[in-house]
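Chain D with the ligands: place on chain C using the hints.
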Amino acid sequence: MNIASATQSASGASIRISRLEKRFGAVSAVDGVDIDIAAGEFIALLGPSGSGKTTILMSVAGFEFPTSGSIHVDSEDVTYVPSNRRNLGMVFQNYTLFPHMSILDNVAFPLKMRGLRAAERHARAEAALATVRLAGYGHRRPNELSGGQQQRVALARAIVYQPRVLLMDEPLSALDKNLREDMQLEIKRLHAELGITVIFVTHDQSEALTMADRIAVLKDGKIQQIGPARQLYERPTNLFTAGFIGEMNFVGVTVESVGDNVSVTLPWGETWRLPATAAVEPVAAGEAAVLAVRPERLQLGAGSGGQVITVTLSDIVYAGAALLLIGRLPDGTEMRARIPGASQLCALAPGDVASFTVPVEAMLLYRGSRR
Amino acid sequence: MTEARRSHFWHSDGRRLSGLSTLLLLLPFFAIIAFVFVYPILQLLVISILEPHPTLENYARVVENPVHMRVLMRTLWTATLVTALSVVLGFPVAYYMSRAKGTVAALVAVCVILPLWSSVLVRTAAWSFLFQRNGLINSALMALGLTSQPFKLLYTQSAVVIAMTHVLLPFMILPIYGALRSIPDDYGRAAAVLGATRLRTFLEVILPLSLPGVVSGSLLVFLTALGFFITPALLGSPQEMMISTLVSKQIREVLDWPFAAALVGVLTVFVTLLAIIFSKTLRFDRLMGNAS
Ligand SMILES: Nc1ncnc2c1ncn2[C@@H]1O[C@H](COP(=O)(O)OP(=O)(O)OP(=O)(O)O)[C@@H](O)[C@H]1O
Ligand SMILES: [Mg+2]
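These protein sequence lines are chains C and D, in that order. Going left to right, the first sequence walks through residues 1 to 371 as my numbering numbers them. Going left to right, the second sequence walks through residues 1 to 292 as my numbering numbers them.
A portion of the hints provided could be inaccurate.
Said to hold, decoys possible - Simulated coverage check for chain D against chain C, where a stretch passes if three residues somewhere in it have a Cβ under 8 angstroms from a Cβ of chain C: (1) 137-144; (2) 181-195.
As the list claims (entries may be wrong) - Footprint (simulated), chain D over chain C, 3 or more residues, beta carbon under 8 angstroms: (3) 30-42; (4) 96-110.
In short, the hints are calculated from the structure, not lab data. By construction, the Cβ of each residue, glycine as well, lies at the ideal position given by its N, Cα and C atoms.
Excised from the complex, chain C in its bound form:
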């Protein structure tokens, strides 16, 4: 192993995952995934359980070999290179510190495998522990540290040999909420300091949205959408992503005509004209479609610049900064609205009928139907 190059290059490597496919018997765990990751980028793999996130990460790490497709790190084809020669850093969900070694020996382990002498590897392990703010903990045993501390040691161990890629499989899911937020900051800080490329697996969307430069949303082994948080949230490209990221209201509609505007008929007979840009996917006249709008985009009261809906309220939930109103449209479809500032709302009670304005630019139209 080339120690000199490993110690000097602190910046990240680019990764190209091409048409990756992994089958376990009849199960297609990963099904034709393409991801291009720039050097130094922080990318999150987000998806429901069983969507193939771990399998993709395992293929990049070299624990699983893909059925077909390839993985390049800095234009070097590593698809079938064994993990111990990939020089990647990895943090696991359950810390995986070796329980029979001291903290210092754990962190020094990768350096030992690279043939460094004891004095040097211990010095460097101490330095790595300092970067995760655990200087002086080296003599302890893993079971003498808290979960958050153990995960920080695991982080130190993963970066001590200055790999150019850091892989993390739900590294924070075993920690409680406060610790998780601390660790999110810690990881972001390290990412900024080291310029390392990060692939971060999570099924916590707020984690993905706050941490990553780009997020790849996965379902059934396929990429649904890949892009920066804002894009994913503001304009999800398909129904799955629209429903998976954040809260979303859906109303089934029928498309009347498509032109400069799109006309749709709502379940209670009203016809709305939407701008052509509202159609995220191409829709055709006469077909079913789904109208989607975020709860926080609804405005209380009948106003201009949008369509007005009437909602029979069933629940009013005080949620700190905002008020959550839950009710039903005339056809029975559930509708949620998040209204900031509670002052004007004292008058509302469950059973009331309230009017909301749906701004034209907040409406998204998708092909097909819900369920």
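Relative to the frame of chain C, chain D with the ligands by itself:
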């Protein structure tokens, strides 16, 4: 940490049983242990120093007679040899078992466990057929032209060691297998991604973490081997007696209970010392520490 690891009994409604009720539940078990284990051993030790009158004479007879000391040493040596052989033969099997999947895993497990369902007598008798002058082993060696004269295999110490290893092997394999199985797969993966080759992953991570299994298997095999009776009696040579045979002789033929008790006493002291050394040098709690 310690609180979570301590085990308790629980009421069906979820309350924890008080210390007293717990004690009450465990009482029958401890009573049986006390009655069939602690009491007879204490009784033996008492006999060894009080009969025929309060004296250490019986112990002096064990230690001073070179024949008896040789029996004792031979017993310890045989048990050590059997233990070492069991580790060497058992570890690879346990390792393979812990890795294998599906039908292969089931097959290996059956091969390891099935012999436990037949009695030690049957397995020992099977070996005595194999070891006979005109048994399978000698016939095979002669048929292959490796020897012209049949070897003397039966009634030798080698026969005893081989058969005892065979009989005791499952007791080595199962604890090691258990220890290996409890090592999460991610440890091996972590080592690999950190740059360890398969061999180093094994030597630096898997092997140390499986040591508790090796130690408990070794203790199990060693202690059982010390008192093994049927196999040495059937396959061993009368000139190379083991302590169990000697004790049995003293009790049944010479009717010298105090001397037999002293023999058992010496053995007990050895075993106790050994157990203390083991538990002091190998910190189990540390090794097991954090395998969550
Ligand atoms: N070793 C395996 N053998 C058989 N099937 C597997 C194996 N590993 C994964 N799978 C299957 O592949 C699919 C994807 O699994 P994967 O672990 O990648 O999902 P994930 O997105 O990481 O889910 P989670 O959020 O639950 O961790 C699942 O259907 C899973 O059952
Ligand atoms: Mg997973």
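Outcome of the hint check:
Requiring three or more residues with a Cβ within less than 8 angstroms of a Cβ of chain C, the coverage given for the segment 137-144 of chain D is violated, as only 0 such residues are present. Interface restraint, the segment 181-195 of chain D with chain C: holds (10 residues with C-beta to C-beta distance below 8 angstroms; minimum three). With 0 residues having a Cβ less than 8 angstroms from any Cβ of chain D, the segment 30-42 of chain C misses the three-residue criterion, and the hint is violated. For a cut-off of 8 angstroms, the count of residues in the segment 96-110 of chain C with a CB near a CB of chain D stands at 7, and the three-residue condition holds.
Consistency note: the structure conflicts with the earlier hints numbered 1 and 3.
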